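**Student:** Using the hints, build the complex out of the two chains.
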Amino acid sequence: MHASLDVSSDDLSKVSSLFKGISNQVSAVTDFIQSILKKVENGESKTSKGISFLDVKYQLLLSYVIDLTHLMLMKSEGKKLEGDKTIERLVETRTVLEKMRPVDMKIRYQVDKLIKTATSGEIAPNDPRRFKPNPDNLVSKLQQEDSEEEGDDEDDAEEKGPQKYVPPKVSAMHFDGDLTVQEKKDRLIEKAKRRALSSSLIRELRDQYNEEPEEIAERGTAPTRRFHEAAKHQQEFEEGNFIRLPVTRKQKNLKRKGETMTGLEELTKFDNISALVDDSKGEERDTPAKKNEQQPGPATDFSLTPPSPCCTEYGPKYPADFAEVTKRNRLREERSSTNPERIELVNPKGNQENSLREESNVSKDRSFDPNQ
Amino acid sequence: MGDAAVTIRTRKFMTNRLLYRRQMIVDVYHPGKATVAKTEIRERLGTMYKTTPDVIFCFGFKTQFGGGKTTGFALIYDTLDYAKKYEPKYRLARHGLYEVKKPSRKQRKERKNRQKKVRGTAKTKVGAGKK
Chain C
1 MHASLDVSSD DLSKVSSLFK GISNQVSAVT DFIQSILKKV ENGESKTSKG
51 ISFLDVKYQL LLSYVIDLTH LMLMKSEGKK LEGDKTIERL VETRTVLEKM
101 RPVDMKIRYQ VDKLIKTATS GEIAPNDPRR FKPNPDNLVS KLQQEDSEEE
151 GDDEDDAEEK GPQKYVPPKV SAMHFDGDLT VQEKKDRLIE KAKRRALSSS
201 LIRELRDQYN EEPEEIAERG TAPTRRFHEA AKHQQEFEEG NFIRLPVTRK
251 QKNLKRKGET MTGLEELTKF DNISALVDDS KGEERDTPAK KNEQQPGPAT
301 DFSLTPPSPC CTEYGPKYPA DFAEVTKRNR LREERSSTNP ERIELVNPKG
351 NQENSLREES NVSKDRSFDP NQ
Chain D
1 MGDAAVTIRT RKFMTNRLLY RRQMIVDVYH PGKATVAKTE IRERLGTMYK
51 TTPDVIFCFG FKTQFGGGKT TGFALIYDTL DYAKKYEPKY RLARHGLYEV
101 KKPSRKQRKE RKNRQKKVRG TAKTKVGAGK K
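Line by line, the protein sequences give chains C and D. Read in order, the letters of the first sequence are residues 1 to 372 in our numbering. Read in order, the letters of the second sequence are residues 1 to 131 in our numbering.
Don't read these hints as lab results, they were simulated from the structure. Computed from a prediction, not measured in an experiment: that's the story for all the values here.
Restricting the straight-line Cα-Cα distance to at most 27 angstroms, the calculated cross-link-like pairs of lysine-lysine (BS3-like) are:
#, chain 1, residue 1, chain 2, residue 2
1, D, LYS102, D, LYS116
2, C, LYS252, D, LYS33
3, C, LYS250, D, LYS62
4, D, LYS69, C, LYS232
5, D, LYS89, D, LYS109
6, C, LYS14, C, LYS80
7, D, LYS89, D, LYS102
8, D, LYS125, D, LYS89
9, C, LYS252, D, LYS69
10, C, LYS250, D, LYS69
11, C, LYS257, D, LYS69
12, D, LYS69, D, LYS50
13, C, LYS232, C, LYS252
14, D, LYS101, D, LYS123
15, C, LYS79, C, LYS20
16, D, LYS38, C, LYS255
17, C, LYS257, D, LYS33
18, D, LYS33, C, LYS232
19, C, LYS191, C, LYS232
20, D, LYS125, C, LYS164
21, D, LYS12, D, LYS85
22, D, LYS101, D, LYS117
23, C, LYS164, D, LYS123
24, C, LYS252, D, LYS38
25, D, LYS62, C, LYS252
26, C, LYS232, D, LYS12
27, D, LYS102, D, LYS117
28, C, LYS269, C, LYS257
29, D, LYS69, C, LYS255
30, C, LYS255, D, LYS62
31, D, LYS62, C, LYS257
32, C, LYS232, D, LYS38
33, D, LYS33, C, LYS255
34, D, LYS101, D, LYS125
35, D, LYS62, C, LYS232
36, C, LYS39, C, LYS113
37, C, LYS269, C, LYS255
Next up, chain D with everything else stripped away, as it sits in the complex (with noise of 0.2 angstroms):
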């Protein structure tokens, strides 16, 4: 954690007003080192702009061919709540914060089968009822 060769640096940083949050694009130097976590990456950028990391989102990141350097986008919401607003689900899941729920496998397929033998609207009205 924290090793000194782990550079950490942002490039087109922009403030967006109207989605709360702070955007940039993260280039990680890491030689000789595989793919930094992006956890540790949390970290280091909460400590860089002074803000708690749970506020963090980073996704995106792309190792270039040989190794060394990563590039990747960050956002920095101003509270949690705005994250929890305006993020896309799947990145709040990432984070714990938000769990997707679905019926079992077996359900989704028996229900997959009801509607086959449906023709058009009326595939909405046969998920529903599950026998």
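Bound conformation, chain C alone (with noise of 0.2 angstroms):
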């Protein structure tokens, strides 16, 4: 039985070309393969120690090219190819084909290395040697008078053995390069802070206020309150350590300082108190204010009076707890007749009774009009 079959003559002289070509293929090829097989039966080229994966890769191709031609018999034959297991074969041999592919790219270099070496003939082609990486090439040939200098006193130095570690010479220091300049700022302040709340000034004050009852106490000065709680210290030291402790000239000063009343300093002297102030001008100033500093300011201004009768010094700035007695001076300030500002507003430039009146009712206070 023969299907009918739609085939026109151009198709038919390419099939019977194709087919010539086919032939003349197959003959080529038979003539070159026995050439080779020749070769190794003689012994020319020796077959053993291959590489295991090429050769596994031409059996799969040979398999593939077998399985290729029964499935083009059985189509010539017009026999059906479905369900067949040659079928299944193909694919299966082409997928692990497929996988092959990228190990295949990997060894390539080797493989051209050893086709290299074979067809060259230079070193025996299984020299392990020959395919490690030369890490000569990467030293640059200009170096290598001085490495070869250097190479002598390292020797001896290996031959010492193993060297005593000697940590750098870096004296410690106190690291704070944690801390940001607003925090190390406000460090600054708060210390400032805490000095000013144990000042003397502060002290008398919460006496003053205080409710509790009044306690009458020998208090020594900071240093020589300092310095007895060092000696206590070191006087707990040497009882528990069974050890006297050697005496510098500086500790003998200090002793002799301590055991001497030297309080007139704080008749005189008077703390400062700045840090306790709420000002926003605080900000304007880098550093904190020095002890002893006199600034620019109402303090130093001697058209006022000072608040509290008893001291004449309190520092560059008005203390906070005095801020009633403070702003009773700011308002002082405000209203005396030499501060220009108020004079403008007591004088406009427009001159109108009425309104002067009005000024002069609503500052309800006495002060001075030039023009009456």
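**Tutor:** Have a look at this one:
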């Protein structure tokens, strides 16, 4: 039974030419293979110790081709290809070949090298050292002389044995790199506040307004108190460790100072309480005001009377606890006739009598009116 | 000797088995008097702790400001042999149990000057060659 085929003459001629080409090529391939086979049989070329990967590859290719020809045979005989196991085999072989392709890419360099050595015949083709990287190629040729000199010293050093670890001679410093500039400023201000709170001025104020009963205790100055605390600490150490520590000259002097009563300085010097003052101008100053620094301001302005009768010197700024007094002084300054701003208010340039009277009524104070 | 005004009290008494001794802090009250001598303190401690005074070593006596009270340390060894073994040489020398042998002053200075001419570990060798 022949299937009816719509075959044109063009197709027939193409098929016949194709068949001729196939037969020519097949004959050429067979000749080539037979020559190789002869070589192997004669022992000219050895097939042992080859790359097994390539072995697998060509076996797979061969099976693939055989299956293809089987399919073509079936087709040419006019049988159906459906459900044939050959197709499954083909698919399997094809997938394995596809998987092998990346591996093939990776070993391509080695294979090329092998081929080169085999063809050129310089070194035995199975010398493993040929395939190692050459680190000498990384060293620049210009530095060859220096490296040779250094090599001798290094050898001597190594011969001495493991060298003793010498720590670097860097003196220990306090690390405050984690703190930002703002944080450092805040810390300084905090310290100044704490110091101000424990000053004699604030203490007296506290005693004055405190409701607790008054305590009278012999209060040494800060240096004497410090000395006594240090002496106590040293005493405890000495008794605990059964040892007497040597006395330095500085300690001897401190002891002399601590055992006498040197409290005259306390009568004349007052502490700096500017840290407690809540003012906006504090941020303008980059460094905190020094203890004895007299800055131009309301305190040094002698036109004003000081708030407290006993203190004449209380730092460059008003203390915060005298807030009421400072407010009074500020108002006084504003109302004073010498203040140029105030004079303008009192005597406006328009010179209207009504407005004048209104202004004077609003002020409610005994402000000096130069017009009258 | 044995004036009633001089009172000796001990504090922080501890038995140190590792060094075969008893150690304590000694408070001496001597109002109106100068600081008491160490020999007298040793004798008093000997009677207090029922030992001979020669195994007692006291040191570090400091009089407080104003006088009247002195504080120091005392060690009482089990035997004199242990004392000779464990006590530092200078304290043994105070009791006459040890003599520090050192060459005459002139010799020492000459050695020092000879050492000045040499650098490093050779300094020790220089000293040996006394001419």
